[in-house]
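There are 2 protein chains.
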Amino acid sequence: MTQPTYDILGIGNAIVDVVSQADDAFLSRHDMHKGAMILIDTPAADALYAAMPAGNESSGGSAANTCAVAAGLGSRVAYIGKVADDQLGGVFRHDIESVGVHFPTAPLTGGAPTARCLILVTPDGQRTMNTFLGACVTLGEDDVDPALVAASAVTYLEGYLFDPPAAQAAFRKAAAAAHAAGRRVALSLSDAFCVNRHRTAFLDLVANHVDILFANETEITALYECNTFAEAAEAARKDVALAALTRSEAGSLILQGNETVHIQAEPAKVVDTTGAGDAYAAGFLSGLTAGKTLSQCGRMGSIAAAEIIGRFGARPATDLRKLMRD
Amino acid sequence: MTQPTYDILGIGNAIVDVVSQADDAFLSRHDMHKGAMILIDTPAADALYAAMPAGNESSGGSAANTCAVAAGLGSRVAYIGKVADDQLGGVFRHDIESVGVHFPTAPLTGGAPTARCLILVTPDGQRTMNTFLGACVTLGEDDVDPALVAASAVTYLEGYLFDPPAAQAAFRKAAAAAHAAGRRVALSLSDAFCVNRHRTAFLDLVANHVDILFANETEITALYECNTFAEAAEAARKDVALAALTRSEAGSLILQGNETVHIQAEPAKVVDTTGAGDAYAAGFLSGLTAGKTLSQCGRMGSIAAAEIIGRFGARPATDLRKLMRD
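In order, the protein sequences belong to chains A and B. Numbering-wise (the numbering used here), the first sequence opens with residue 67 and increments by one. Numbering-wise (the numbering used here), the second sequence opens with residue 67 and increments by one.
Just chain A, with the same shape it has in the complex:
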């Protein structure tokens, strides 16, 4: 097997975040479930945006955030995702390329605009997300270059990508290409509501095509329809070669065959949890592809997540490598 050109290839919804601060009453008025991501159409996006406070725009997208953080940690990273040929698409491309991520996907022309996620951050630091998928719905098999997948040590898929119709085929093509080349496939479940929307497809993918699974407590219990985290964790242990399960301030649990590693959460002042899971996956995969132990990988995930939680936005503003040195 040849040496990979990239450590991580992320595939996901290419989204620009619009982040506003709001109170719980705003969420109630708009029937939002705090902490969740829902999909909204153009009229709903227009109506919600009109009602939202003034915001800040920055590049987002779950797997794209992971790619940006991993690149910041020194990993060699590529990304596949669909923006439109518009101003926000240009912003997305600039931001991911400026951190050194290879982004070969051609933009959509003459169709829907670049996706936007309208994010309300409440005073407790939780984020509630409303995504207008825009150009993302056109991401399909043709956007997955098997040679790029084969050249990447880990292909990382975000669960949110199960929502746009053509992306599941892209998922499966990428997983097949990765395994044919002797590479690994990682998946993040992304969101419990997303898991509920696509449970059968997720269960098949996890059992048959995924080597490394990332999920938080609510996502993993939703996937296996378990009452307790412990039961869900054991189900994951049987299902995938390696699972990294995050539990907010309770840290994370890493399962690999009979091995179990507990990782403590890093102390963090919670400002905005947007991107915490994405950053954890980035730290973990950055460590894994650099040959670190599972314990080291988990700690790198925790440190990266703590850094993201302590500021607004889902991408780092500081040199993450410095944080990892101690």
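If you're looking for bench data, these hints aren't it; they were derived computationally from the structure. Don't take each hint at face value.
Calculated cross-link-like contacts (lysine-lysine; reagent style DSS-like; alpha-carbon spacing at most 25 Å) [said to hold, decoys possible]:
(1) B/LYS335 to A/LYS335
(2) B/LYS358 to B/LYS304
(3) B/LYS388 to A/LYS335
(4) B/LYS100 to B/LYS388
(5) A/LYS335 to A/LYS100
(6) A/LYS388 to B/LYS335
(7) A/LYS335 to A/LYS304
(8) A/LYS335 to A/LYS388
(9) B/LYS335 to B/LYS388
Mind docking chain B on chain A? Use the hints.
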């Protein structure tokens, strides 16, 4: 004279900021003068953006920032400025309207895109600005509704508006309409380089059409070509009815006829000075139009500026009214 419908009407370049953190070496490599604003054309904007680190986008524009802060302080505010009918224009409109500012200016269709200011914030908190004026160059006399000017207690003009060619006529039309209705005209000099580009026009405007002048130390010494701040301040005292001159951590000096008021700067941790002068003008004018004393107006300016300096971006994230209560 009828009661005004608006306390403040701002007229300025409607701009979306792209804020990145950079070091001094980046400024040197790109021949930038730290703390200044320069105008760049499309190729230069594209080249600089490609070289810039990942950024955050948010609505900016000097007078627009002032309007947003003043609205946050409870003033009744309107704004005139030119965006394009594009994504960033939509962001600008959303953000200024969401804080309650009346924004009647029709967007430009089929022309240049919405203006962008590429801002590099260095570790010392200073910002260096590179503005692509885009749609702003089309702002002209037709965009100034004399009835709106007549309905506003103070019409506030930003000096940056001297750069686009048609705006000086808009300036003069607004000043004439304000005075015809017995209202006041305020001007911010904006930037020493801008003053140098347009000194003759500024001197005429200040002496003959401006009632309230805002400037910082470098701007006021540039305007009157003085060697010392004290000389420039005395020149301003003779030239305008009311001048508020800011000196960063040395506070501000307010001059009205023979009266001189010294205002101490509020203690602030300097994170990003973008918008500090805009916020000072907002606090000052918000106080003035509410009938406060000059000392109270200056203090409100200082508090608003300190709040903006302590965070990234030029618009407030907290309830400014709470800060003013003590």
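Status of each hint after checking the structure:
no., hint, verdict
1, B/LYS335 to A/LYS335, "holds, 19 Å"
2, B/LYS358 to B/LYS304, "holds, 23 Å"
3, B/LYS388 to A/LYS335, "holds, 23 Å"
4, B/LYS100 to B/LYS388, "violated, 33 Å"
5, A/LYS335 to A/LYS100, "holds, 19 Å"
6, A/LYS388 to B/LYS335, "holds, 23 Å"
7, A/LYS335 to A/LYS304, "violated, 35 Å"
8, A/LYS335 to A/LYS388, "holds, 19 Å"
9, B/LYS335 to B/LYS388, "holds, 19 Å"
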